[in-house]
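Participant: Residues per chain are reported as follows:
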Amino acid sequence: MIGSESKQDIPTSLPIGNDVELSELAVRFGGEMIGPNVLLHGVAPLHRAGSGELAFLSNPRYVEQVAQSRAGAVLVHRSDLAKLQHRSTCSWLVVANPYACFARAAQLFSAQPAYQPGRCASADIDASAQVPQSCQIGPFVSIGPGVVLGERVKLLGHTHIGAGVRIGDDTLIYSRVSVYDACVIGARCIVHSGAVIGSDGFGFAPDFSSTGGQWVKIPQTGRAVLGDDVELGANSTIDRGAMDDTVIEMGCKIDNQVQIAHNVRVGAFTVIAGTAAIAGSTTIGKYCMVGGAANIAGHLTIADKVIISGGTAITKSIPAAGHFTAVFPFMPHSEWEKNAAVLKQLSKLRARLRQIEFAFFNKK
Amino acid sequence: MIGSESKQDIPTSLPIGNDVELSELAVRFGGEMIGPNVLLHGVAPLHRAGSGELAFLSNPRYVEQVAQSRAGAVLVHRSDLAKLQHRSTCSWLVVANPYACFARAAQLFSAQPAYQPGRCASADIDASAQVPQSCQIGPFVSIGPGVVLGERVKLLGHTHIGAGVRIGDDTLIYSRVSVYDACVIGARCIVHSGAVIGSDGFGFAPDFSSTGGQWVKIPQTGRAVLGDDVELGANSTIDRGAMDDTVIEMGCKIDNQVQIAHNVRVGAFTVIAGTAAIAGSTTIGKYCMVGGAANIAGHLTIADKVIISGGTAITKSIPAAGHFTAVFPFMPHSEWEKNAAVLKQLSKLRARLRQIEFAFFNKK
Amino acid sequence: MIGSESKQDIPTSLPIGNDVELSELAVRFGGEMIGPNVLLHGVAPLHRAGSGELAFLSNPRYVEQVAQSRAGAVLVHRSDLAKLQHRSTCSWLVVANPYACFARAAQLFSAQPAYQPGRCASADIDASAQVPQSCQIGPFVSIGPGVVLGERVKLLGHTHIGAGVRIGDDTLIYSRVSVYDACVIGARCIVHSGAVIGSDGFGFAPDFSSTGGQWVKIPQTGRAVLGDDVELGANSTIDRGAMDDTVIEMGCKIDNQVQIAHNVRVGAFTVIAGTAAIAGSTTIGKYCMVGGAANIAGHLTIADKVIISGGTAITKSIPAAGHFTAVFPFMPHSEWEKNAAVLKQLSKLRARLRQIEFAFFNKK
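Chains as they are written, first to last, in this note's numbering: chain A, 127 to 490; chain B, 127 to 490; chain C, 127 to 490.
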């Protein structure tokens, strides 16, 4: 598996119907409780929270909402506490990262898919596959020869696990996923329905002459390898590499209908929003953010901490962190018709401007 | 379920091989028959219809085609009848909306997927699920606890229906669909293969410091809710909401590979063409038309009756009806290289133009 | 089936662990061996190949790599041989197309999915379906009435084959594919997981008035027809036609998450890269190359040998071969904000430039 520093907590839920005291959350999150030790049954945003719910403030713009909120307790950063304390009777939980703690609290209160270890009778599991008893294997799952699953792996149903695939502990795979032969998925991953991991990269050699020809398929003998703590959205596709692997490093979060071509490497903790696509052999750094519907061309290198706006096509390597955008601004259709036509003349317009500048400034 | 005004007719077919008299269609469609009561066995476009087929005219541009058509009968609007009657020996069916009636007639003549109520032996149906006898449950379908299906629901096979899902009467779900826990699908819906309803919205809280960190998953505890008469295309994905629901209102028609993020609301009778994507928490009005490959950013409000051209990125709210476009015009590659380079200088070009204008008009 | 000239070789593998002599490859590829008859166990790129591996040179830019390569043998074109022969002690295989032969050699050395003829017990095969004994039918496959499969068709699992579907010899369908009723797939095709063939085209007639209304579904009674030697990527979708068929001609290679709408015809040997989309009733010529994330509008005609860059929207027909691009160049976000704003003024800028030119050149 690929690395496991910053190992994520497995989301654990409280038993349904149980409340939790604020003091217990203070212990869990390493925070300081200020005010009464209220009993909480859930989380909610500031403007909607009730007395039994925990809210959070992370953006100073919403300070006013705190004063009006009826939340029983509010997660805050110490730097915001002074201006808030006198404005509300709620309790406070002072933490370094209110938003992240809110997410963790939400995990505590939310219902996880029911965990039912065991093998559904309809599952088709090869005799040579290693499937611990703690695994949950749902209906119509097929597991091929030589597969090795970790502890508590959950395959909710209708999923195909190809020969020799390895999946790490605590990984959850929703219904109807395909994992092609030999691929590797780390621990604590979540894979949503319809995802395909390890399909052939798109590789063909042209063999055409004046009398005809064909595209000759180049076998894709690498694998697709996902590190620990990766989440992959519904109907996303990750191709196996041509010879080397396609790699999604630890902690990446990938949304729905994302396409990742062969031999791409996505750096750790990078997030990729819905319908984005990354072409072959491109390397993306760590902690990047790729916007929805963005497209990154092949054979590029994108540095760490690069932010790519939604809808943006990246056609050259990006050597250093920064925020990059390429979006055609929308306008009423009739305006667009006039303006778009000029785009075909931009180079000539610039030449005409130069000519005027030259003529004018020389004449003076 | 969400509303059910304008309840759509369930497409019903004539028994294969049966013809229908034009007079019968007149009754069905509330139209006026003019000319002989011909026997019809099918529909076809004007330029291809034969004497046993029904065609239609809805666009005055095609009036000439009527004169040359060999159709046995033609659906027309009364306002076109006068200029047509003397030019053809076909029969006429005068209706308010020839195109829509043509579609309904086509439904009559087309073969529906065979309806076979009953449960395939290989289906895995939880004992607590309510599955009427009129339902058609195909091979390798899994239905979870607490599911409630309406009458004549058809699950053609290989589909996963999660716990607590509700599906309304007469809904047809093609093979290989995933519906996550607790989601709701209305009556008379059609869901195509590979669609995913209710996958987790894309929500993560950053928790990073100089020593590392992770993206903390925000549980997605809302649902995905589809109203009546919604059609959802192949491999489309609709995420569940973070706390509230993601809602597709009645009568929407959504094409293939469309991505709908968490907490989006799509207004009634809106159509969304293939590969479009709508980011989280955006509200789209009723009767909108979203073009193929369009992208709508998150947290926006789009009014009713807005038309968005294909390939267009919408990055701000649209407060009133209109037609909006943002498409980079295509050109020969060498032209594009010259013109695209100037795009990076547009702001400077404008400044230079201002300078020339100022200098020139001041000098005069 | 659609045509079968230029019938592709079925990739055959050597038994694992077997080496092959260079002379045998010379016979297979119709090439000339120069130098010792080395034993080869695999292929690799020039910079990584070892003494038991075959490499290739097709691009003169990499001539230097040949001198430094440790490959046992190198595929070359005769025109490159003279400048290379004295620079390396490897053996040579002189062929017309080194890259294509490299691909074929790679096929020989790569492991194919294991071929296991027979029907998995869990498969649900209609009694009227014709399924030769040479077919491989995996777990949880459903095959409908009247289906006709060719010899050695492999359905790896979890796939739905609708009524009346025909599939040609040697076609390989990976897990979790849906083929709707009546569709046709040629011989030697490869279909990747999650693909959907034959879903309804997106056709609706508006029937709205001041009191409400609906979109009336237009039945899609055509089929989706794939020729021989077509490869279709993961989660791609090909809609059936409205009345006529949607056609993918022989030898096309289509990547992942491509959307092909109803009544499109894609010409032979055209390649379409990932996430591209083609709208309804468009015809694309032969030997075209459609870049990733490109979008082609409907009802267009694209000539043969057209190259469309990635991310490009094609909105008009293209009557002759050429290379076309429409990509908004990316830039730092702050630059984009300044430049994109000017795009809404382009038409006015041009008018202002004309005005200056007129005033200036008239004054002189």
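Please note that the accuracy of each hint is not assured.
Here are the simulated PhoX-like cross-link-like pairs (lysine-lysine), alpha carbons at most 20 Å apart as the crow flies [said to hold, decoys possible]: (1) B:Lys-464 with A:Lys-470; (2) A:Lys-412 with A:Lys-442; (3) A:Lys-442 with B:Lys-464; (4) C:Lys-470 with B:Lys-442; (5) C:Lys-474 with B:Lys-470; (6) B:Lys-474 with C:Lys-470; (7) C:Lys-412 with C:Lys-431; (8) C:Lys-474 with B:Lys-474; (9) C:Lys-470 with A:Lys-474; (10) A:Lys-470 with B:Lys-474; (11) A:Lys-474 with A:Lys-464; (12) C:Lys-442 with B:Lys-474; (13) B:Lys-470 with A:Lys-442.
Computed footprint of chain B on chain C; a stretch qualifies when at least three of its residues, placed anywhere within it, have a C-beta under 8 Å from a C-beta of chain B [stated by the list, open to error]: (14) 219 to 226; (15) 338 to 346.
Ranges between beta-carbon positions, derived for each pair [unchecked claim]: (16) A:Ala-485 with B:His-173: 15 to 25 Å; (17) B:Ala-447 with C:Phe-330: 18 to 28 Å; (18) C:Phe-334 with B:Gln-259: 34 to 44 Å; (19) A:Tyr-241 with C:Val-153: 57 to 67 Å; (20) A:Ala-222 with C:Glu-463: 28 to 38 Å.
Everything labelled a hint here was simulated from the structure, so no lab data went into it.
Please read all numbers here as calculations on a predicted model, not as lab measurements.
Positions of the beta carbon are idealized from the N, C-alpha and C atoms, including for glycine.
Participant: So, for every hint listed, does it hold in this structure?
Facilitator: To see whether the hints hold, each was checked on the structure:
Note on B:Lys-464 and A:Lys-470: the hinted pairing holds, with a Cα-Cα distance of about 9 Å set against a maximum of 20 Å. Simply put, A:Lys-412 and A:Lys-442 have alpha-carbon atoms about 18 Å apart, close enough for the 20 Å limit, and the pair holds. A threshold of 20 Å between alpha carbons decides the hint, and for A:Lys-442 with B:Lys-464 the separation of about 17 Å falls inside it, so the pair holds. A hinted pair counts as satisfied when its Cα atoms are at most 20 Å apart, and C:Lys-470 with B:Lys-442 qualifies at roughly 15 Å.
Straight-line distance between C-alpha atoms of C:Lys-474 and B:Lys-470 comes to about 18 Å, which keeps the hinted pair within the 20 Å bound. Under the criterion of a C-alpha separation no larger than 20 Å, the hint pairing B:Lys-474 with C:Lys-470 is consistent with the structure, at around 15 Å. A threshold of 20 Å between alpha carbons decides the hint, and for C:Lys-412 with C:Lys-431 the separation of about 6 Å falls inside it, so the pair holds. Using a Cα cut-off of 20 Å, the hinted pair C:Lys-474 and B:Lys-474 holds, with the two alpha carbons roughly 15 Å apart.
Restraint check for C:Lys-470 and A:Lys-474: the C-alpha separation of about 18 Å stays at or below 20 Å, so the hint holds. The straight-line distance between the Cα atoms of A:Lys-470 and B:Lys-474 is roughly 18 Å, inside the 20 Å bound, and the hint therefore holds. The suggested pairing of A:Lys-474 with A:Lys-464 holds, with an alpha-carbon distance near 17 Å, which does not exceed 20 Å. Of the supplied pair hints, the one linking C:Lys-442 and B:Lys-474 is violated, its CA atoms being roughly 31 Å apart against a limit of 20 Å.
Of the pairs offered as hints, the one joining B:Lys-470 and A:Lys-442 holds, with about 15 Å between alpha carbons and a cut-off of 20 Å not exceeded. For the segment 219 to 226 of chain C, the proposed coverage by chain B is not satisfied: 0 residues have a C-beta within less than 8 Å of a C-beta in that chain, short of the threshold of three. Counting residues of the segment 338 to 346 of chain C whose CB lies closer than 8 Å to any CB of chain B gives 8, which reaches the minimum of 3, so the coverage claim holds. Between A:Ala-485 and B:His-173, the C-beta spacing of about 58 Å breaks the proposed range 15 to 25 Å.
The hint said 18 to 28 Å for the Cβ distance between B:Ala-447 and C:Phe-330, and at roughly 20 Å that hint holds. At about 37 Å, the beta-carbon gap between C:Phe-334 and B:Gln-259 stays in the expected band of 34 to 44 Å. Separated by about 59 Å at the C-beta atoms, A:Tyr-241 and C:Val-153 satisfy the suggested range of 57 to 67 Å. At about 33 Å, the CB distance of A:Ala-222 to C:Glu-463 agrees with the hint of 28 to 38 Å.
Hint check: violations occur at hints 12, 14 and 16; the rest are consistent with the structure.
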